[in-house]
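Undergrad: Given chain U, work out where chain W with the ligands should sit, using these hints.
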Amino acid sequence: MNTQIDMKWLKACRIEDAIENGGVCLKLNNEQVALFYFARRNEWYATQNECPHKRQMILSRGMLGSLGETPKVACPFHKKTFALDTGECLSGDECAIKTYPVKVENGSVFIGMTA
Amino acid sequence: MERKKVVIVGNGMVGNKFCEKLKQKINDLEIIVFSEEPIRAYDRVHLTDYFKISSIDELFLLKNEWYLENNVKIHLDDPIVAVNRLKKEVESQKGITVNYDYLVFATGSAPFVPPIPGIEKEGVFLYRTIEDLDLIKAYAAKAKRGTVMGGGLLGLEAAKAMVDLGLEETAVIEFAQRLMPRQIDDSASMLLQQKLSELGLTCLLQKSTSQLLGDDRLTGIAFQDGSSIETDLLVISAGIRPRDELAKKIGLDVGERGGILVNAQMQTSDPVVYAIGECALVNDMIYGLVAPGYEMAEIAASHIVGEEKSFKGFDMSTKLKLMGVDVASFGDAFISEPYARTILLEDRNKGIYKRLNVSKDGTRLLGGILVGEAASYNMLLQMVNNSLPLAEHPELLLLGQQSESKSASAGLEALPDAALICSCEGVTKAQICDAVITGHCENADAVKKCTKAGSGCGGCVPMVKDLVNYTMKQQGKYIRSTICEHFDLSRQELYDLIKIHELKSYDHVLDALGRGHGCEVCKPLVSSLLASLWNEMILGKGNDVAQDSNDRYLANIQKGGTYSVVPRIPGGEITPDKLIVIGEVAKKYSLYTKITGGQRIDLFGAHLNDLPFIWEELIAAGFESGHAYGKALRTVKSCVGSTWCRFGLHDSVSFAIRIEERYRGLRAPHKIKSAVSGCIRECAEAQSKDFGIIATEKGWNLYVCGNGGSKPQHALLLASDIDSETCIRYIDRFLMFYIRTADPLTRTATWLNKMEGGIDYLRNVVVEDGLGMGEAWEQDMQLLVDSYRCEWKVAVENPEIRKRFVHFVNAPEEKDETVRFDSFRGQKKAADWNVSTY
Ligand code: SRM
Ligand SMILES: Cc1cc2nc3c(=O)[nH]c(=O)nc-3n(C[C@H](O)[C@H](O)[C@H](O)COP(=O)(O)OP(=O)(O)OC[C@H]3O[C@@H](n4cnc5c(N)ncnc54)[C@H](O)[C@@H]3O)c2cc1C
Ligand code: SF4
Ligand code: FES
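If you're matching them up, the sequences are chains U and W in order. For the first sequence, position 11 matches number 11 in UniProt numbering, and the numbering has no gaps at all. For the second sequence, position 437 matches number 437 in UniProt numbering, and the numbering has no gaps at all.
Same shape as in the complex, but just chain U:
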């Protein structure tokens, strides 16, 4: 796993900046990253902010939900949904979205990104 080697934990925000059961957008490494706090499941996810469908910087404003056990986000524009854990598109054939690892330490949220 080469990718692990140059991955860095970047400080994203404080826990209280995140939205319970919703998303916020972060500027990290000159990329827009969507951070989701799925409070109902006590899980954190981070993905690219861009929706691949019409390439809109929007997923952080999407709605969280579950499909069976899979956590997902629905894009506000045309309601395409993406799995938060794998990034896979759950509706139709849009390409998958990037996902990033998240950890929470001492009240801060960190996102793992390759430089």
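No wet-lab data here; the hints were simulated from the structure. Note that the coordinates shown come from a computational prediction; the quantities given were computed from them, not determined experimentally. For every residue, glycine included, the Cβ atom is placed at its ideal position computed from N, Cα and C. Be aware that one or more of the hints could be misleading.
[As the list claims (entries may be wrong)] Pairs of lysine to aspartate or glutamate residues, derived as DMTMM-like cross-links and limited to a Cα-Cα distance of at most 25 Å, are as follows:
#, chain 1, residue 1, chain 2, residue 2
1, W, K815, U, D17
2, U, K79, W, E485
3, W, K828, W, D602
4, W, K803, U, E88
5, U, K27, W, D832
6, U, K79, W, D832
7, W, K803, U, E43
8, W, K52, U, E88
9, W, K559, U, E88
10, W, K504, W, E536
11, U, K11, W, E817
12, U, K27, W, E617
13, W, K815, U, E20
14, W, K5, W, E69
15, W, K793, W, E617
[To be verified] Covered, in the sense of this in silico footprint (three residues per stretch, anywhere, with C-beta under 8 Å from a C-beta of chain U), are these stretches of chain W:
#, region
16, 76-83
17, 542-548
18, 555-563
19, 812-826
[Stated by the list, open to error] Simulated restraints on C-beta separations:
#, chain 1, residue 1, chain 2, residue 2, range
20, W, A110, U, N30, 47 to 53 Å
21, W, K142, U, N30, 31 to 37 Å
22, W, E775, U, S108, 55 to 61 Å
23, W, S269, U, K79, 54 to 60 Å
24, W, D361, U, H78, 50 to 56 Å
25, W, G826, U, K79, 30 to 36 Å
26, U, R55, W, L199, 48 to 54 Å
27, U, H78, W, D417, 36 to 42 Å
28, W, S269, U, R55, 30 to 36 Å
TA: Quick look at chain W with the ligands alone, frame taken from chain U:
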């Protein structure tokens, strides 16, 4: 024992289907395919979609793995160049030789290229393969004017694609005196031409090309009548020629005008060699459609495994698949007096032409043509194909959808079990009903998975849907519409339960009544119910994340991710001072302004970060939210009424303002709109609204359940000559009844259409208080009216809510730098989607 070998020449749609069918029937055959094209079989019928989709993957007919898993060997980019029939051996261009027990020609056809001087010029293209489309797309990027030679089905499709590719001018030239000469008649063609010109397509008829102009590159076309046009790009679509060159070379019999001659079992003059699809000449016909090709594949495959089936001819009915243009032709479209009776309907105003050809004794439908409205195509086609007896007044079949839908289930019932519903995949009515009854398929998608019906050209999908519903009803299955996987309840059940348990947030509702973690279906629905019941600020109690996107940010989202701002302007009345404030705010935040269709002003293109600041200024000037983003009351339009108008009976503006202020912010299953007109001239268009009020000599007439939108419907009279107080009481009851019982996202018109007993029942409930709920509903409504607060005022004043209106949490000052605008007529507009649409 050595396995028998089948070699297939061509991996087009039919060759591919043949592999699939043969594999289904028998496993111990060796199958080897040679394909001239560099990629495996794709959906040529939807070739034009290639301009719109991101990758060709969507067009492949079978997954690559299918060939591997089924052990079907496929040689791409390697056509067969020679066949030795004595040795039963084929040779490919790359030099591979393979012997065969059976050889199948599925070589399809090629576009016919007329021998016109200049045809070799740069800028002249065909329209048959992915490669053709790649070439056209690349060339179109630098071309301004495009022309298609040939006004048939394919030519028109190609021409529409040119328009969509963004060519400034596109023309179709046709040799005959009408478009689609083989499918439709002159009158139909005239209407079609009119429709196409609305789409930006010019049609030049009776034009015979004499020469293509230009040096190396095409610059124009000269016609035999001496005229000429300029063009940079020409697509030839002047008919097809079967690819019989190889068959001819090896001595198989071919037809005089081309095509590999076959018998009803698809055997050529050499009994171990078959021909199927567009290269085959059967019954003196070349079938240029995919459905008969699939049938031929079935027959040849059956014959090889020893089943006896024969080709019995095929229906050539077709529907044009251009967005916004309905054209269909079925059965015997041209038969006329004295051999048949023709029934015509022509409405130039609406752009509808329909022709039905009925047998002379009036008992059977023989064929027909539909332009402008072809919803009944499937049913009419079934009537022809199954010789269904006609009712007494066949002319009723010409009328619009309404009468058809009433007779739809009668029509479905009359269809014999063997009626072919999906001709591409050969699926019958009986198979579809069986999928529903024993296969438990409860929607068209499930039926498609289970029977493949609808997976070909897709033309039969509406009929499959009808059949599914019809069969479910027959089964006595209650089509209970539960919300989603998280709530096994209908909307109305949920409404009552939330009310009884006094639940006030999405999470509480989910914990108490649902399971799992919610989704984009149940969250907005529950949020809407909570708002309808309690009218609390929708962004409170953690409910913000359960709101539909527009509600969550109290604004409509636009392309690019900016928002629009629509202040309420009750009744459409506004003072000059307030107009000035709107102008100033728009200037300050550089917003595009437009008068809406709802008599107010929309300001577009606001950054998320700016929304609270914009609203703060508007609120200070006395504006409030217009709820343009909510499933809520939108506008109450008014005409100027008796204060100025010489015909005005009452002051319609004052009443409209009163109504709008009463119901502002009211959340409902869908948006609700109203209007008040000062007299029967109806300048406010009240009869197209969810509830509309028109002044009479004695009071008001109240109309309900009208709708604009895609299926306009006039409102119906609920009560006449009532005074203002009674009018408001009736509206209270009407709205509460609607809010309580309508399905999610159902406008009042659709709600009424589904209501048993219709308007009479509704009148009984609202006016006669048949359910005894009148008073309770009036009280419920008064509670909502009294608890109204402007959402935007709450939002800008509450720091917790306000801080959500930023793009980056870790850089709250910064706006999303990817948002782009273009300047446009002195204002701005959202830049186009970030992806090319083709
Ligand atoms: C702005 C406006 C067009 C304009 O520039 O004039 C408009 C804009 C939109 N309309 Fe409309 N409609 C507008 C008047 C209308 C009217 C005319 C009217 O109200 O008199 C109609 C037909 C009347 C009716 O509703 O029966 C209308 C029928 C629709 C429909 C179809 C509803 C239906 O029952 O079939 C939709 C789709 C929907 O709601 O699902 C729609 C949806 C939309 C949406 C919300 C589409 C969307 O989801 O983004 C547009 C949002 C624009 C925005 O970002 O602000 N709009 N829309 C008009 C705003 C009026 C207002 O002041 O609030
Ligand atoms: C733009 C467009 C729209 C259409 N729309 C419709 C529609 O709406 N409805 C409908 O029913 N039909 C439609 N058709 C027609 C439909 O696509 C054809 O009827 C169908 O593809 C015929 O299948 P086929 O396998 O006979 O021929 P093809 O699909 O043409 O396949 C033949 C294949 O054989 C290959 N080949 C030829 N010679 C050799 C050789 N010697 N060795 C190896 N390979 C060889 C060819 O390169 C080709 O790949 C449309 C066609 C086009 C082009
Ligand atoms: S008609 Fe369509 S495009 Fe125009 S505003 Fe309404 S929804 Fe948008
Ligand atoms: S832009 Fe996301 S679904 Fe269309």
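Undergrad: Among the hints numbered above, which are violated by the structure, and what are their numbers in rising order?
TA: Hints 4, 12, 16, 26, 28 contradicted; others consistent.
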